[in-house]
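Asks: Sequence:
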Amino acid sequence: MELAAKSRYRSTLGLAVAALVVAAGAIACPVPHRATGSAHAPFMAENHAAMDKMMESMAITPSGDVDRDFTAMMVPHHQGAIEMAQAELRYGRNEQLRRLAQGIIVTQQQEIVAMRLAVGQPPASAAPSPSSHPKAPK
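So the sequence shown is numbered by the working numbering: it starts at -18 and just counts up by one.
Don't read these hints as lab results, they were simulated from the structure. Even for Gly, the Cβ is constructed at its ideal location relative to N, Cα and C. Mixed in with the good hints, there may be bad ones.
As the list claims (entries may be wrong) - If you anchor each label on the Cβ, the simulated ranges turn out as follows: (1) N75 <-> T42: 35 to 43 Å; (2) N75 <-> Q102: 41 to 49 Å; (3) G101 <-> K34: 19 to 27 Å; (4) H21 <-> L98: 37 to 45 Å; (5) A40 <-> P103: 17 to 25 Å; (6) A26 <-> Q91: 21 to 29 Å; (7) R80 <-> S19: 34 to 42 Å; (8) T42 <-> E76: 38 to 46 Å; (9) T42 <-> R74: 20 to 28 Å; (10) A40 <-> A20: 24 to 32 Å; (11) E92 <-> A40: 15 to 23 Å; (12) R80 <-> V47: 17 to 25 Å; (13) G45 <-> R74: 28 to 36 Å.
When you get a sec, could you build the whole thing from the sequences and use the hints?
Replies: See the structure below:
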């Protein structure tokens, strides 16, 4: 198998794995009637926008450098998790899930910085701290 074909195969395999992860997450999502009336539509819209943006950003052209390609796909994956956790903080009411969302934001931000630094990229500007969110638990 030539190098370009191997690279395309790895990229396709990576995207397939990412798609399966997203699909599994979508299947595991709570049923819509659990959210409160007026908060449900904006919550779902934000989550769908985050997932669409994530999937589009993960569809990279392989560079031939496995580490850079891994980072190029994982950073938007982590950013999508951050955006979905921020939506939970905006609309969610369950304190346990809100604390979990805060933790997701912090750890995903740290992992983005670590991945970027590992491949010699500067850390991108960070998202706001979860504790600075107006609805964050005190």
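Asks: Work down the list of hints and note, for each, if the structure agrees.
Replies: Status of the hints after comparison with the structure:
1. N75 <-> T42: 35 to 43 Å: holds (40 Å)
2. N75 <-> Q102: 41 to 49 Å: violated (36 Å)
3. G101 <-> K34: 19 to 27 Å: holds (25 Å)
4. H21 <-> L98: 37 to 45 Å: Holds, since H21 and L98 (Cβ atoms, about 38 Å apart) stay within the stated range.
5. A40 <-> P103: 17 to 25 Å: holds (23 Å)
6. A26 <-> Q91: 21 to 29 Å: Because 28 Å falls inside the window, the suggested range holds.
7. R80 <-> S19: 34 to 42 Å: Violated - the Cβ-Cβ distance for R80 and S19, about 24 Å, lies outside 34 to 42 Å.
8. T42 <-> E76: 38 to 46 Å: Once the Cβ atoms are compared, 43 Å apart, the range 38 to 46 Å for E76 and T42 holds.
9. T42 <-> R74: 20 to 28 Å: violated (42 Å)
10. A40 <-> A20: 24 to 32 Å: At 31 Å between Cβs, range holds.
11. E92 <-> A40: 15 to 23 Å: holds (21 Å)
12. R80 <-> V47: 17 to 25 Å: Given range 17 to 25 Å: violated, Cβ gap about 35 Å.
13. G45 <-> R74: 28 to 36 Å: About 47 Å separates the Cβ atoms of G45 and R74, which means 28 to 36 Å is violated.
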